[in-house]
Amino acid sequence: MSVSRFWRKIPQRYNLIGTQCTTCGRYFFPPRSLCPDCRRSGKIVDHKFNGEGTVVTYTVVRSASDQFENTTPYVLAVIALDEGPRLTSQIACLPEEAKIGMRVHSVFRRIAADGESGVIHYGTKFVPTE
Amino acid sequence: MRDVAVIGVGCTEFGEHWGTSFRDLFVKAGALALEDAGVTGENLDALYVGNMSAGRFVEQEHIGALIADYAGLATNHVPSTRVEAACASGGLAFRQAVIAVASGMEDIVVAAGVEKMTDVGTGASVDMLASAADREWEGFAGATFPGLYAMIATDYMHRYPLTREQLAQVAVKNHENGARNPIAQFQNRITIDTVLNSSLVADPLRLFDCSPITDGAAAVVVVPLERAREFTDSPVRVLASAQASDTIALHDRRDISTLDASVAAGKRAFSQAGLTHKDIDMVEVHDCFTIAEICAIEDLGFCKKGEAGRLTEEGVTALGGKIPVNTSGGLKACGHPVGATGIKQIYEIVNQLRGDAGARQVDAEIGMAHNVGGTGATVVVHILGV
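Just so you know, the protein sequences line up as chains H and A, in that order. Going by this note's numbering, the first sequence opens with residue 1, and the numbers climb by one from there. Going by this note's numbering, the second sequence opens with residue 1001, and the numbers climb by one from there.
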């Protein structure tokens, strides 16, 4: 991923800043600039999510792309944030700890790097709550 | 709108073609299709080529022109268009050809698909294929393609009574069919233990739950039905051509274990053809992973949610079963050169309906093709009949 492409979404990736349509109240993460329900009559503003959520489904990735190969095995999950939206993220836990319905919260973590001397991508992962 | 028919089909062997280039693969499939149709290149009004990512696999864009050129049609200036919808690129190319002929704009049209995947390493391939999902918000987090389908499998098995053995039986059945298909990448039979003893790729999916990395090309020729008899005694009619979209990311779906775009495209196709699932004699579904075949059978309406594992175990979807699924061997055994797969499905159905399917022949007059892009963000469904 190019530096500019990564850089322009730093607030979203580091701090879980998504959006909300103030016309209907619906939250979006990943952020959307058009509300699918209200369309052009929607008004979109930034919203910082509190980072609490529940695991909807998960897997343990054991064979990954070159960028992630040295971090396998890792737990990948779809997480429903308490405000409603769902996102895809890693859970920093042991493979056998992952469960559907598990409560998790967001943490700031290193995600991957562009090769040995490339940009390090930081972002959000989740860890089990409790 | 005019009725449309397929008058010729061609397909390369699917596999690892170390000695064959991207353009050579296409030329071979195209020549086979034209020969089968009894038309020559000068007769063609247009080409539609499904291709997912020549730009990253062989560092070549502008595929439409390249293919027209190496098919010997540059001096004819035949219009040639690349069509892309990830793994549904082939099905979508066929649909564009059908629309072009149905509209009356073009008469003799080739729909083709091609992918040359083995010129890059496996890690690069995995990364490339992940771009069929949401690069920014799935791929960035470390989502691989098997990882996404594995999350569908986890959700499905949590909610429905699907056993690990039933899931493995999908691969066993598709290898059984592939063993009878001379173009299949894998023509070997396997057992449930082969699947269960293979390495984990993304839990619960193992290596033998996954379709392989494949080189290959396929092509078909479509014309207005009213002209089909000029070329062949056994035209195959296009009874329906449907397409549907859904969210690019799996996490945004209404239901993780249902591909709503499959449901929508399936319903549209049945409605166009005036048929129901009971009228379908065989179906080629998009089994990029074993769980994908389970979902497809249900989402297209062949059984209720949660029943496809049992049907597979009971042999209902096998060659001799009530509704044979993936007689070609599917993506699992026949191989999955992503842009070519949707056209290969049409190739298989035409062969079955014409009675040319050899050792895997089933008794069929109406067949259905189901081609998925990504984890279900694009679905293309066609119904063909004789």
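Just so you know, these hints were derived from the structure itself, not from any lab. Check before you lean on any hint, since a few could be wrong.
Stated by the list, open to error - Below, a sample of chain A positions facing chain H; criterion: calculated Cβ distance under 7 angstroms:
no., residue
1, Ala1074
2, His1077
3, Pro1079
4, Asp1127
5, Trp1137
6, Glu1138
7, Ala1150
8, His1158
9, Pro1161
10, Val1201
11, Asp1203
12, His1251
13, Asp1255
14, Ile1256
Unchecked claim - Across the chosen pairs, the derived CB separations fall in these ranges:
no., chain 1, residue 1, chain 2, residue 2, range
15, A, Met1001, H, Lys99, 46 to 54 angstroms
16, A, Gly1321, H, Thr22, 50 to 58 angstroms
17, A, Asp1233, H, Gly84, 55 to 63 angstroms
18, A, Ala1124, H, Ala80, 49 to 57 angstroms
19, A, Glu1059, H, Pro11, 53 to 61 angstroms
20, H, Asp82, A, Met1001, 44 to 52 angstroms
Claimed, not checked - Below, in silico cross-link-like pairs of lysine-lysine (DSBU-like), each with a Cα-Cα straight-line distance of 30 angstroms or less:
no., chain 1, residue 1, chain 2, residue 2
21, A, Lys1305, H, Lys99
22, H, Lys99, H, Lys48
23, H, Lys99, A, Lys1304
Note that this is a predicted model, so its numbers are computed, not measured. Cβ coordinates follow ideal geometry from the N, Cα and C atoms, glycine included.
Going through the hints against the structure:
The criterion of a C-beta within 7 angstroms of any C-beta in chain H is not met by A:Ala1074, whose closest approach is roughly 35 angstroms, and the hint is violated. Checking A:His1077 against chain H by beta carbon gives a least distance of about 37 angstroms; that is not within 7 angstroms, so the hint is violated. Taking 7 angstroms as the C-beta contact cut-off toward chain H, the hint placing A:Pro1079 at the interface is violated, the least distance being around 34 angstroms. Taking 7 angstroms as the C-beta cut-off, the interface hint given for A:Asp1127 holds, the closest approach to chain H being about 4 angstroms.
The interface hint given for A:Trp1137 is met, as the beta carbon of that residue sits about 4 angstroms from the closest beta carbon of chain H, less than 7 angstroms. Checking A:Glu1138 against chain H by beta carbon gives a least distance of about 5 angstroms; that is within 7 angstroms, so the hint holds. Satisfaction of the interface hint for A:Ala1150 is found here, the shortest Cβ-Cβ separation to chain H being roughly 4 angstroms, below the 7 angstroms cut-off. Against a cut-off of 7 angstroms between C-beta atoms, the interface hint on A:His1158 holds, since the closest Cβ of chain H lies about 5 angstroms away.
This hint is violated: A:Pro1161 has a C-beta 16 angstroms from the nearest C-beta of chain H, more than the 7 angstroms allowed. Nearest Cβ of chain H to the Cβ of A:Val1201: about 5 angstroms, under the 7 angstroms cut. The hint holds. The interface hint given for A:Asp1203 is met, as the beta carbon of that residue sits about 4 angstroms from the closest beta carbon of chain H, less than 7 angstroms. Because the beta carbon of A:His1251 sits about 4 angstroms from the nearest beta carbon in chain H, less than 7 angstroms, this interface hint is met.
Interface restraint check: A:Asp1255 against chain H, minimum CB-CB distance 11 angstroms, threshold 7 angstroms, status violated. Checking A:Ile1256 against chain H by beta carbon gives a least distance of about 5 angstroms; that is within 7 angstroms, so the hint holds. A hinted range of 46 to 54 angstroms for the beta carbons of A:Met1001 and H:Lys99 is consistent with their spacing of about 52 angstroms. At roughly 54 angstroms, the beta carbons of A:Gly1321 and H:Thr22 sit within the given window of 50 to 58 angstroms.
Checking the proposed 55 to 63 angstroms range against A:Asp1233 and H:Gly84 shows it holds: the Cβ atoms sit about 59 angstroms from each other. Taking the beta carbon of each, A:Ala1124 and H:Ala80 are about 33 angstroms apart, not inside 49 to 57 angstroms as hinted. Here the CB-CB span from A:Glu1059 to H:Pro11 is close to 34 angstroms, at odds with the stated 53 to 61 angstroms. H:Asp82 and A:Met1001 have their C-beta atoms about 50 angstroms apart, which keeps the hinted 44 to 52 angstroms range intact.
Under the criterion of a C-alpha separation no larger than 30 angstroms, the hint pairing A:Lys1305 with H:Lys99 is consistent with the structure, at around 23 angstroms. Pair hint H:Lys99 plus H:Lys48 holds up; C-alpha atoms about 26 angstroms apart against a cutoff of 30 angstroms. For the hint linking H:Lys99 to A:Lys1304, the alpha-carbon distance of about 26 angstroms falls within 30 angstroms, and the restraint holds.
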